[in-house]
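**Student:** With the sequences and hints as input, model every part of the structure.
Spelled out, the chains give:
There are 2 protein chains.
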Amino acid sequence: MGAVGELSFIKNLRERSPVRNRRGLQLGIGDDCALLRVRPGWQIAVTTDLFLEGRHFRRESHRPESAGHRCLARGLSDLAAMGGATPIAAFLSLALPRTMLHSVPDQRWIAGFLQGFEALSRRFGAPLAGGDTGEAPGPEFSADVVLVGQIRPGRVLLRSGAKPGDGVWITGALGGAAAELEAMLARAETGRGPSRISGPQSFPEPRLAVGAALARLPGVATACLDVSDGLSTDLGHLCEESGVAVRIEAASLPLHPLAARLGPERALALALHGGEDYELLFTAGAEARLPKRLASVPLTRIGTVLKRERRRPILTVADATGRNQTLTPGGWEHLR
Amino acid sequence: MGAVGELSFIKNLRERSPVRNRRGLQLGIGDDCALLRVRPGWQIAVTTDLFLEGRHFRRESHRPESAGHRCLARGLSDLAAMGGATPIAAFLSLALPRTMLHSVPDQRWIAGFLQGFEALSRRFGAPLAGGDTGEAPGPEFSADVVLVGQIRPGRVLLRSGAKPGDGVWITGALGGAAAELEAMLARAETGRGPSRISGPQSFPEPRLAVGAALARLPGVATACLDVSDGLSTDLGHLCEESGVAVRIEAASLPLHPLAARLGPERALALALHGGEDYELLFTAGAEARLPKRLASVPLTRIGTVLKRERRRPILTVADATGRNQTLTPGGWEHLR
Numbered sequence: 126m127g128a129v130g131e132l133s134f135i136k137n138l139r140e141r142s143p144v145r146n147r148r149g150l151q152l153g154i155g156d157d158c159a160l161l162r163v164r165p166g167w168q169i170a171v172t173t174d175l176f177l178e179g180r181h182f183r184r185e186s187h188r189p190e191s192a193g194h195r196c197l198a199r200g201l202s203d204l205a206a207m208g209g210a211t212p213i214a215a216f217l218s219l220a221l222p223r224t225m226l227h228s229v230p231d232q233r234w235i236a237g238f239l240q241g242f243e244a245l246s247r248r249f250g251a252p253l254a255g256g257d258t259g260e261a262p263g264p265e266f267s268a269d270v271v272l273v274g275q276i277r278p279g280r281v282l283l284r285s286g287a288k289p290g291d292g293v294w295i296t297g298a299l300g301g302a303a304a305e306l307e308a309m310l311a312r313a314e315t316g317r318g319p320s321r322i323s324g325p326q327s328f329p330e331p332r333l334a335v336g337a338a339l340a341r342l343p344g345v346a347t348a349c350l351d352v353s354d355g356l357s358t359d360l361g362h363l364c365e366e367s368g369v370a371v372r373i374e375a376a377s378l379p380l381h382p383l384a385a386r387l388g389p390e391r392a393l394a395l396a397l398h399g400g401e402d403y404e405l406l407f408t409a410g411a412e413a414r415l416p417k418r419l420a421s422v423p424l425t426r427i428g429t430v431l432k433r434e435r436r437r438p439i440l441t442v443a444d445a446t447g448r449n450q451t452l453t454p455g456g457w458e459h460l461r
Numbered sequence: 126m127g128a129v130g131e132l133s134f135i136k137n138l139r140e141r142s143p144v145r146n147r148r149g150l151q152l153g154i155g156d157d158c159a160l161l162r163v164r165p166g167w168q169i170a171v172t173t174d175l176f177l178e179g180r181h182f183r184r185e186s187h188r189p190e191s192a193g194h195r196c197l198a199r200g201l202s203d204l205a206a207m208g209g210a211t212p213i214a215a216f217l218s219l220a221l222p223r224t225m226l227h228s229v230p231d232q233r234w235i236a237g238f239l240q241g242f243e244a245l246s247r248r249f250g251a252p253l254a255g256g257d258t259g260e261a262p263g264p265e266f267s268a269d270v271v272l273v274g275q276i277r278p279g280r281v282l283l284r285s286g287a288k289p290g291d292g293v294w295i296t297g298a299l300g301g302a303a304a305e306l307e308a309m310l311a312r313a314e315t316g317r318g319p320s321r322i323s324g325p326q327s328f329p330e331p332r333l334a335v336g337a338a339l340a341r342l343p344g345v346a347t348a349c350l351d352v353s354d355g356l357s358t359d360l361g362h363l364c365e366e367s368g369v370a371v372r373i374e375a376a377s378l379p380l381h382p383l384a385a386r387l388g389p390e391r392a393l394a395l396a397l398h399g400g401e402d403y404e405l406l407f408t409a410g411a412e413a414r415l416p417k418r419l420a421s422v423p424l425t426r427i428g429t430v431l432k433r434e435r436r437r438p439i440l441t442v443a444d445a446t447g448r449n450q451t452l453t454p455g456g457w458e459h460l461r
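Chains A and B, in that order, are what the protein sequence lines are.
To get my numbering, take the position in the first sequence, counting from 1, and add 125.
To get my numbering, take the position in the second sequence, counting from 1, and add 125.
Just to be clear, a hint being listed does not mean it is correct.
To list a few chain A residues with every Cβ distance to chain B over 12 Å, as calculated [what the hints assert, rightly or not]: (1) TRP234; (2) GLY250; (3) GLY290; (4) ALA313; (5) GLY318; (6) PRO319; (7) PHE328; (8) GLY344; (9) ALA376; (10) LEU380; (11) ARG386; (12) ALA394; (13) GLU412; (14) ALA413; (15) ARG426.
Just a few of them, taken from the derived set where beta-carbon distance is under 10 Å, the chain B residues facing chain A [as the list claims (entries may be wrong)]: (16) THR172; (17) ALA206; (18) ALA214; (19) VAL271.
Bear in mind the hints are in silico, worked out from the structure with no lab data behind them.
These numbers were taken from a predicted model, which means no experiment stands behind them.
All C-beta atoms in this analysis are idealised placements derived from N, C-alpha and C, irrespective of residue type, glycine included.
**Tutor:** Listed below in structure tokens is the structure:
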């Protein structure tokens, strides 16, 4: 990357980012490290997520503000899933193709990306505190986002605590992000369809308040993670970490309106495998009394945790007639 | 990336990484976030560094163990430059070309990369606590490394404290990493030359002990950063952050033997602009008495901090006859 291009880009980022804030950022962009402070006795939660062109977004179909929003939302959702850890700071590493720094539309795209990132960052108190930039080896844009948060040790929700007999719960609705993506791609190809949907694919809402509220309900949630790769894949992670099996009731899955309008079969497939909904998937003791909504977000019981048995598949889905079918993970997989 | 390929790769990483250690890692790979603990009252230092094929390493010339070592060393060196922050955990995001997961030599390369990473991580107590993996959009491998450390607030060394009259100092020697790279590239092209040099290009040594020892000397160091982009570029960063100018004495620059043997002119160019030496560049009050070595590493005074004046260039280098020449940053630039 040209020195001038990069320097002006960084100056721009730096001028827009706070050097320090009251919550925990002591020193932001500009030195060898950022410096943060955590509340005495609290734990630090750290998560990193790649955001790769062609895999996590498409420059030709995602608006830049949406891409920036989604990049940060991935990390905020991980903080939510630990029990609503309070964000302290975000870090953004960008590998930029050389061509993007010399093209005016591409520079506008980058500016839009940063606007989307910063709007969400301000809303959740996760100031941009550092990162890195480099010249991408190929023509694609890629990013890595790091979120640092803090959480009271007693409030941590892990993936590993689900027990046989627990209910399986989900926040919000499923399948909306995948349905919106289908519509976006169809429009990019055919030029037809609604030009701007601002749904859960474009602007997913990290469930930080729900995660925190859930962690404050004493003894209710036994395990929690976010649905980023797809319900079937993320249920697999839950079963793996907790050493259990899960049966889902297909009829109980809360379908997002964008998915529901595609018909029952397609909607079910998107709800099970679509991914990127960034809802919280959690388990709660059979006796736990859960409100209908938490932090204004609906909660739905979608299944039951079972004992893992050799001859039974780990994941099953029961259809309306009560017949069980094996549920095969159909989403994405990546390292946490 | 194929689910099976990625899963086995992650399992492998996870089995080799500690779930927790005594120093501060409470929860490692496998959940939505890693959980860390910091000593009461200490600050958290966070740095992220991209490690891109073709820019920070070349698969055809760097041995995989060296690439893994260098990837982590970039971040450890940033912790060193803050005043020797103690590492708590490292995070590694890898964007892997699909082809690399289906080729046996490429899988061996990745295994070697991780071995190099882990050997350095063990040595400095920076356990791999998480990260992400994804399919790279192109044929190149790229990584982003995050280091989290802790530091006592009174021991922080910033880039912004240099004052006119201060001496400018450097640890170790300069130009070795660039000289070794030249030899490696020449060998890759011609097949001639020494087959394995294990010098500062292949295995740079992060100066954590020197950074910590320097920060413990009361009131000595006024500013500090690491030489990653090249002395001339990093001096520019120092001057920018401290609002000062600097004059370097060419004759005082400690030349690495690999650079020195290329003759005085080339050696000087590599020492000034080569980069990747990961030595610490710091300033100290004119009256400060510095030992010849700190944590067994030689210290050399290489110049003087000057007041910034409109008509004078910010960076100058004085040759053996005392004549000043403008020093133009010739290294790399990237966001910290």
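**Student:** Hint by hint, say whether it matches the structure.
**Tutor:** Taking the hints in turn, this is what the structure says about them:
With a least beta-carbon separation of about 16 Å from chain B, TRP234 of chain A lies farther than 12 Å from that chain, consistent with its non-interface assignment. For GLY250 of chain A, the shortest C-beta to C-beta distance to chain B comes to about 16 Å, beyond the 12 Å cut-off, and the non-interface label holds. Non-interface status of GLY290 of chain A relative to chain B is upheld: no Cβ of that chain comes within 12 Å, the nearest being about 22 Å off. Non-interface call for ALA313 of chain A relative to chain B: holds, since the shortest CB-CB distance, roughly 17 Å, exceeds 12 Å.
At roughly 26 Å, the least C-beta separation between GLY318 of chain A and chain B is larger than 12 Å, which holds for a residue marked as non-interface. Non-interface status of PRO319 of chain A relative to chain B is upheld: no Cβ of that chain comes within 12 Å, the nearest being about 28 Å off. With a least beta-carbon separation of about 21 Å from chain B, PHE328 of chain A lies farther than 12 Å from that chain, consistent with its non-interface assignment. No beta-carbon of chain B is positioned within 12 Å of the beta-carbon of GLY344 of chain A; the least distance is around 20 Å.
The beta carbon of ALA376 of chain A is kept farther than 12 Å from every beta carbon of chain B, the shortest such distance being approximately 28 Å. The claim that LEU380 of chain A is not at the interface with chain B holds, since no C-beta of that chain comes within 12 Å of its own (minimum 24 Å). Non-interface call for ARG386 of chain A relative to chain B: holds, since the shortest CB-CB distance, roughly 30 Å, exceeds 12 Å. Distance check for ALA394 of chain A against chain B: the nearest CB is about 18 Å away, which clears 12 Å, and the non-interface claim stands.
Non-interface call for GLU412 of chain A relative to chain B: holds, since the shortest CB-CB distance, roughly 25 Å, exceeds 12 Å. Against the 12 Å criterion, ALA413 of chain A stays outside the reach of chain B, whose nearest CB is about 21 Å from its own CB. Its beta-carbon lying about 21 Å from the closest one in chain B, ARG426 of chain A satisfies the requirement of being farther than 12 Å from that chain. Annotation: interface hint on THR172 of chain B holds; nearest CB of chain A at approximately 4 Å, less than 10 Å.
Interface hint status for ALA206 of chain B: upheld, as the beta-carbon distance to the closest one in chain A is roughly 4 Å, under 10 Å. For ALA214 of chain B, the interface hint holds, since its Cβ comes within 10 Å of a Cβ in chain A; the closest pair sits about 7 Å apart. Interface hint at VAL271 of chain B: satisfied, since its Cβ lies 5 Å from the closest Cβ of chain A, which is below the 10 Å cut-off.
Of the numbered hints given earlier, the model fails none.
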